[in-house]
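There are 2 protein chains.
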Amino acid sequence: MSEFQKKAAYNVAIAGATGAVGETFLNILEERNFPIAELKLLASKRSAGKELTFKGKTYKVEELTHDCFEGVDIALFSAGGGRSLEFAPSAVKAGAVVIDNSSAFRMDPKVPLVVPEVNPEDAFKHNGIIANPNCTTIVMLVALKPLYDYSKIKNVIVSSYQSTSGAGAQAMEELENQARQWVNGEDIVVDKFAHQILFNVIPHVDSFTENGYTKEEMKMFNETQKMLHDKDIKVSATCVRVPTLSAHSEAVTVETVEPISVEKARELFAAAPGLEVIDDPANAKYPMPLFVAGGDTCYVGRIRKDIARENTLTFWVVGDQLRKGAATNAVQIAELFVQ
Amino acid sequence: MSEFQKKAAYNVAIAGATGAVGETFLNILEERNFPIAELKLLASKRSAGKELTFKGKTYKVEELTHDCFEGVDIALFSAGGGRSLEFAPSAVKAGAVVIDNSSAFRMDPKVPLVVPEVNPEDAFKHNGIIANPNCTTIVMLVALKPLYDYSKIKNVIVSSYQSTSGAGAQAMEELENQARQWVNGEDIVVDKFAHQILFNVIPHVDSFTENGYTKEEMKMFNETQKMLHDKDIKVSATCVRVPTLSAHSEAVTVETVEPISVEKARELFAAAPGLEVIDDPANAKYPMPLFVAGGDTCYVGRIRKDIARENTLTFWVVGDQLRKGAATNAVQIAELFVQ
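Here the protein sequences come in this chain order: A and B. The opening residue of the first sequence carries number 1 in the UniProt record's numbering; numbering runs sequentially from there. The opening residue of the second sequence carries number 1 in the UniProt record's numbering; numbering runs sequentially from there.
Simulated from the structure, these hints should not be mistaken for lab results. From a predicted model like this one, the values you see are computed outputs, not experimental measurements. Be a bit skeptical, because a hint or two may be false.
Since the list can't tell identical chains apart, any single copy or any two copies may satisfy a pair.
[As the list claims (entries may be wrong)] Dumping the calculated SDA-like pairs for lysine to any residue here, alpha-carbon to alpha-carbon at most 20 Å:
no., residue 1, residue 2
1, Lys154, Arg309
2, Lys305, Ser207
3, Lys285, Asp230
4, Lys215, Lys285
5, Lys93, Met218
6, Lys192, Ala282
7, Lys264, Asp232
8, Lys154, Asp306
9, Lys285, Val189
10, Lys234, Leu85
11, Lys154, Glu255
12, Lys231, Ser44
13, Lys231, Asp306
14, Lys60, Asp149
15, Lys231, Gly185
16, Lys152, Glu310
17, Lys305, Gly212
18, Lys305, Leu39
19, Lys305, Asn222
20, Lys152, Lys215
21, Lys154, Arg180
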């Protein structure tokens, strides 16, 4: 695709079209008026036959198979890591460029990992597959990048407040159902999370690794290093699921090599692409997931000089993890090529 | 009271008896079988006349006045900082020792600030008033103390996940009401918090100060220094309200002077009073507010060596802020004298 001939419109396939991110892909492609010639919606056999609407036209979901990618220019994958590993190579073989939202290829040295606001140049070094980073990492990186360009970053301590829809559409429905069950005095049904999420917080996102961090937390460490091409930046994350529907929030503490004043940080944030400052605490204005959900911008606030350590800034960043944290970022990667 | 004659039982007054902490005072005094001769329940004029039950006996709430403390040995205050400033001196003048749950006297150098697991000896240096620390600080300090005794602590980065009941009984009801309103398709009513708390998180607890931190966040900085008698320990907090009912959770990162291994930390935590380790992530076992609420113990889990910095540990601590974070801690302070 780096040598792609520019076309008026492209044949686009979405693998995992019926999932939370898949449906968001459709919204984003429509909103951004992505130049689509033919659209192919793909999902597992179970979901094949379902109908989805795009720009007022109804599309029947087809089964994701090895042979379904003929003629496809761009394949957006969000069908889980297993399906990406199995089917992405077939898409590449058929001539498509895959933009994969799973974690399957992210740390593969042959696969670029890209946030267009952070490292767009990496996208052009692909070998057929470009990986979309972890959602929590994307939201943080959009805010870290302008600071990093001003001064290298030594380390980041981050605590997340992650929405239920980060675990899929059904996980979000589980929170809504638990609210109904609680109000109606029924038993609370727990299925998608390890524990009840209504009126609770769960310090457990993705599975645990040997060092006591979860895979989600290690993604923030590893993917940040890969995208910034800097093995010296160290990220320690505590990822926590909270009972919100959409948008992830993060309390971020950043130690920089050079000092950055609050005023300078605000200036850097304000000038950064994809980022907006909401930081007027006297009027109770700061980013919150309830009000940020549905947008493509990440919002930063509570910007302050850290009172515990030198050369350290503390702030709060919120972004819609289904959109900028997943679908929007993937479509923005595709746009790097087609614009 | 430091020179108090030991008695078989004490006359106890509760100022603010009808609030969230006030009612918890009654539960704790009953559960712990505190030696009470006479019990006096006090509240504002508005709440006077209400009836509350203690050990099966009904008590009528009296109005909190300057003259109501005659004969009282111990006055437990949780009626807001303004009422503490106004009425605590009257209680002291009448011969009572005040244990005050508000922030009014906490940083007064003549007033000891005490967590019995942390600095019980300070309680005996009182001049009539002993201050109960901020709830979020208490929960954190119970976990920090055993580490601090092993190695001095340089700094702490903490992000909180604070329950609605930390803002009072009505604030907790607001979350419950918002759940009902949402399920019934009604307008969501916002009153006690600056924004809707259902399906949201709000990075704003208490009012903001000039350095961009909230008063709540600065309490964690100042009160920690005061209780550990150490001006070198620096705490940077981000305090966030989350849609839970009871118990505060905190993601804590601690840089120590001497290294502490995870094994040693676990051993220190396990041996510490008032603290229990729940740290079996492979079996999805870690502390969570939904399951910890209602107890007096603080629970620590997710203990790991920080991957971003040297000599740093990261963990997760949860405690019921109405009980250990307020009422239980105050009653434990009283018990230091009567036992």
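Against the structure, the hints:
Within a single copy, Lys154 and Arg309 get their C-alpha atoms as close as 12 Å, and across copies as close as 9 Å, so both meet the 20 Å cut-off. With identical chains, the CA atoms of Lys305 and Ser207 are at most 20 Å apart between copies only, with a shortest distance of 18 Å across copies and 34 Å within one. In this homomeric assembly, Lys285 and Asp230 never come within 20 Å of each other (Cα to Cα): the closest approach is 34 Å inside a single copy and 34 Å across copies. In this assembly of identical chains, Lys215 and Lys285 lie within 20 Å of each other by CA distance solely across copies; the values are 16 Å between and 33 Å within a copy.
Taking the shortest alpha-carbon separations for Lys93 and Met218, neither the intra-copy value of 31 Å nor the inter-copy value of 58 Å comes in at or below 20 Å. Within a single copy, Lys192 and Ala282 get their C-alpha atoms only as close as 39 Å, which misses the 20 Å cut-off; across copies the closest is 17 Å, which meets it. Taking the shortest alpha-carbon separations for Lys264 and Asp232, neither the intra-copy value of 23 Å nor the inter-copy value of 28 Å comes in at or below 20 Å. In this assembly of identical chains, the alpha carbons of Lys154 and Asp306 lie at most 20 Å apart whether taken from the same copy (15 Å) or from different copies (14 Å).
In the homo-oligomer, the alpha carbons of Lys285 and Val189 lie at most 20 Å apart only across protomers (19 Å), although the nearest pairing inside one protomer, at 35 Å, exceeds that limit. Taking the shortest Cα distances, Lys234 and Leu85 never come within 20 Å of each other, neither inside one copy (28 Å) nor across copies (47 Å). Taking the closest pair of Cα atoms, Lys154 and Glu255 come within 20 Å of each other both inside a single copy (6 Å) and across two copies (15 Å). In the homo-oligomer, the alpha carbons of Lys231 and Ser44 never lie at most 20 Å apart, since the shortest distance is 38 Å inside one protomer and 60 Å across protomers.
Proximity of Lys231 to Asp306 under the C-alpha cut-off of 20 Å is restricted to the inter-copy arrangement: shortest distance 16 Å between copies versus 24 Å within a copy. Taking the shortest alpha-carbon separations for Lys60 and Asp149, neither the intra-copy value of 46 Å nor the inter-copy value of 65 Å comes in at or below 20 Å. In this homomeric assembly, Lys231 and Gly185 never come within 20 Å of each other (Cα to Cα): the closest approach is 52 Å inside a single copy and 50 Å across copies. Taking CA atoms no more than 20 Å apart as the test, Lys152 paired with Glu310 passes in both settings, with 14 Å inside one copy and 18 Å between copies.
Taking identical chains as interchangeable, the C-alpha atoms of Lys305 and Gly212 lie at most 20 Å apart only when they sit on different chains, with a minimum of 8 Å there against 30 Å within one chain. For a Cα distance limit of 20 Å, the shortest separation of Lys305 from Leu39 qualifies neither inside one copy, at 49 Å, nor across copies, at 48 Å. Taking CA atoms no more than 20 Å apart as the test, Lys305 paired with Asn222 passes between copies only; the shortest distance there is 17 Å, against 26 Å inside one copy. Taking the shortest alpha-carbon separations for Lys152 and Lys215, neither the intra-copy value of 25 Å nor the inter-copy value of 31 Å comes in at or below 20 Å.
In this assembly of identical chains, Lys154 and Arg180 lie within 20 Å of each other by CA distance neither inside one copy nor across copies; the values are 45 Å within and 46 Å between.
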